[in-house]
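Go ahead and model the full structure; you've got the sequences and the hints to work with.
Take a look at the letters that make up each chain.
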Amino acid sequence: MTDELYCGHTSCAGCPATIAIRSIMKAAGKDVIISNATSCSEIISTPYPLSSWPVPYIHVAFECAPAVAGGIEAAQKKLERTAKIIVLAGDGSTYDIGLQSLSGMVDRGHDVLYICYDNECYSNTGVQRSSATPFAAWTTTSPNGEKSIGNKTFKKPVAEMMIAQGAVYVATSSIGYPKDIQEKVKKALSIKGPKFLLIHAPCPLAWKFDASKTVEIAKIAVETGMWAMYEYCDEKRTISIEPLFKPVSEYFRLQGRFKHITDKEISQTQEHIKKYWDRLKKY
Amino acid sequence: MRICLPNKGSNRKAGEISAFENNVGEIEYEKNRVVSDDTSAFFSQEVDEDMKKIIEGSHAIAEAVKLSMPKVIAAYPITPQTHIIEKLAEMVAGGELDAEYMTVESEHSAMAACIGAQATGVRTFTATCSAGMAYMWELLYCAAGMRLPIVMGVANRALSAPLNIWNDWSDSMGARDSGWIQLYCETAQEAFDTILQAYRIAEHHNVLLPVMVCIDGFWLSHVYEPVNVLEEQDFVKPYQAPEIDVDSDEGFKRIKIVLDPKQPISMGEYATPQYYQEFKEAQQIAMLNAKLAIKEIHDEFAKKYGRSYGNGLIETYNMDNAKYAIVTMGSVCGTIKHLIENEKIKDVGLIRIKSFRPFPTSELQKALERIESFGVFEKVCSPGLGGVVFNEVKAKTNKPGASFIGGLGGRDVTLDNVRKMFDLIRIKDENIHWI
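Quick mapping for you: the protein sequence lines, in order, are chains A and B. Going left to right, the first sequence walks through residues 4 to 286 as this note's numbering numbers them. Going left to right, the second sequence walks through residues 12 to 446 as this note's numbering numbers them.
No wet-lab data here; the hints were simulated from the structure. Take these hints with a grain of salt, some might be off.
Computed far set for chain A versus chain B, every beta-carbon distance over 10 Å [said to hold, decoys possible]:
1. Lys33
2. Asp34
3. Ala167
4. Glu268
5. Ser270
Coverage of chain B stretches by chain A, computed from C-beta distances (three or more under 8 Å per stretch; other residues unrestricted) [to be verified]:
6. 212-219
7. 316-327
8. 355-364
9. 387-396
Cross-link-like lysine-lysine pairs, in silico, DSSO-like; alpha carbons within 30 Å at most [said to hold, decoys possible]:
10. Lys273(B) with Lys190(A)
11. Lys410(B) with Lys29(A)
12. Lys267(B) with Lys195(A)
13. Lys357(B) with Lys29(A)
14. Lys33(A) with Lys267(B)
15. Lys195(A) with Lys273(B)
16. Lys264(B) with Lys80(A)
17. Lys264(B) with Lys29(A)
18. Lys264(B) with Lys81(A)
19. Lys267(B) with Lys81(A)
20. Lys189(A) with Lys273(B)
21. Lys273(B) with Lys357(B)
22. Lys33(A) with Lys357(B)
23. Lys29(A) with Lys267(A)
24. Lys81(A) with Lys248(B)
25. Lys80(A) with Lys273(B)
26. Lys273(B) with Lys182(A)
27. Lys410(B) with Lys33(A)
28. Lys211(A) with Lys267(A)
29. Lys80(A) with Lys357(B)
30. Lys357(B) with Lys81(A)
31. Lys248(B) with Lys80(A)
No residue lacks a Cβ here, since even glycine has one placed at the ideal position from N, Cα and C.
So, in structure tokens, the structure goes:
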């Protein structure tokens, strides 16, 4: 049993969500309330009548965890309670169905830390494409075939959207770097207002790699520049880990979801990475 | 993994919490209770006419909400609900009402915020209708399933398409199975009184269900009526969150069912086939308990303030010597009462359903006992079936009945329409008629 997330939860072997949760909870402490969106993290941790959560926890639906958190914050003001409030959601609820609710939470300035663990698809429902799915990746709803290379779009820049909207603290991290997650959670919780933390979370089931490789793949994503690690606070961006810009093919070849891609998609992605980083350095 | 909300006794089924312990006794009591909607005794009390204000139905709701002291109000505008939330915004801005007022970005988030706040341990309010209610649909079920006593004002409005901002009951009737108590009002005064009662009903320890207080959009929400607005009240006390006994390291202890790090609990868990059904059964039992709670709280209100609405579940009018009855809900009852009174009609009476959920089965059966035939007028149609209310009433009686569907999308229901319905009921018609 660990203090961060009680054992007995039902996650898959090599699950990145539980690595993220344990890092988050280690940093957040016990004076915290969790508003969880429907996701793997919910399903693995709260099968009635059991719970793996050592802190107050609420799950309502897929797309409304930020609004629930806003309601908690409003109630706490009236009750003169000061527990920190954290939203925990996957990329489906963050990039897609709950984006409006997240935007509303940031707009109203709720003192909430929103954390998305991004496994780049709807893993919980059996690996369907989300707007976090990378270009050319296979999912069950973006299959590759004679007339398709897989997913047709690049990832939605959701963290940059939160910066544009004026969240007081925006950061990206990765389950490959648990200490980085802890530092960012601690820093975020020390700032009042709406905060956003996006954590890269390679999923063995969805990305088709061996369960022992979760952390390795997370690190390669950062080393190739596929995943940026940064903080944005006080109008300033700080890169947490400078990428080595290893060839992106090193990242692709470890994952079954990219097994079908050709040099064309590799160079398109390489170009996308360059543009993305140019933009990051600029703003 | 640890137990989230440990049950005290091993005999208790999953899904049950201590609040439901007395269910069996309550239901028996309910069956044996003599139905009485004779409330003339209550009216004998003197009512201070000077306290009456001429206000809109929407403002009557807002005034009653203010007196109920909610701590979080989540609001998203939709015609014709807007005047309710605008008035509440003014009250909060002016310091009359000490609440957090959240201008959420959708009705979905309005209900989500109410759920989050209520789960944290405060009283909440929101209001909606039509497309707004359709948009919060998913969360109506969550609020009810999580047993959160949220109160919501509904200014009933038609659903698109075609787009229409006027009154009918398509919105709340569609949500009849969501697990919310639904109370329909005839007047602005009733809306005021029903809000106060709604908080008591919702928070009753044998109920713990959310309540919709429904008023006809525009017909009530935007019409000015004299309303006796209480300056203060002690009918609705400051909010106390429900409590439960839990097993802890120090033995059993009583805790509030709220999100508080001092006593961490998990709320809104998912339930497998092994457990899910018990939650739904518990909601049905709570609804049956609500029938008794509605009557008791209504009677207490009537004794205290001198205003009553039948027995809280149904109201009968001119039924003493009636051979026929028209059954309906909401503001159209005013038109029907007016016709009966003005034309001194003796043979047709009115049965007004105030509580549509829980459905007043035994009360309706008793009210229909001595009549020869009836008709149901309703502002909703379930395409492929017909009248929703009609079919529910008809299922509980073998008397011949006619189904009248009308007033959709705000169409006026005239005295002539009512006369026509009375005539069809008198000839024991059993067809569907579009009014």
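Now for the hints, and whether the structure bears them out:
no.	hint	in the structure
1	Lys33	violated (6 Å)
2	Asp34	violated (5 Å)
3	Ala167	holds (17 Å)
4	Glu268	holds (37 Å)
5	Ser270	holds (41 Å)
6	212-219	violated (count 0)
7	316-327	violated (count 0)
8	355-364	violated (count 0)
9	387-396	violated (count 0)
10	Lys273(B) with Lys190(A)	holds (24 Å)
11	Lys410(B) with Lys29(A)	violated (68 Å)
12	Lys267(B) with Lys195(A)	holds (28 Å)
13	Lys357(B) with Lys29(A)	violated (76 Å)
14	Lys33(A) with Lys267(B)	holds (18 Å)
15	Lys195(A) with Lys273(B)	holds (22 Å)
16	Lys264(B) with Lys80(A)	holds (27 Å)
17	Lys264(B) with Lys29(A)	holds (28 Å)
18	Lys264(B) with Lys81(A)	holds (26 Å)
19	Lys267(B) with Lys81(A)	holds (17 Å)
20	Lys189(A) with Lys273(B)	holds (21 Å)
21	Lys273(B) with Lys357(B)	violated (64 Å)
22	Lys33(A) with Lys357(B)	violated (70 Å)
23	Lys29(A) with Lys267(A)	violated (43 Å)
24	Lys81(A) with Lys248(B)	holds (16 Å)
25	Lys80(A) with Lys273(B)	holds (17 Å)
26	Lys273(B) with Lys182(A)	holds (27 Å)
27	Lys410(B) with Lys33(A)	violated (63 Å)
28	Lys211(A) with Lys267(A)	holds (22 Å)
29	Lys80(A) with Lys357(B)	violated (58 Å)
30	Lys357(B) with Lys81(A)	violated (55 Å)
31	Lys248(B) with Lys80(A)	holds (20 Å)
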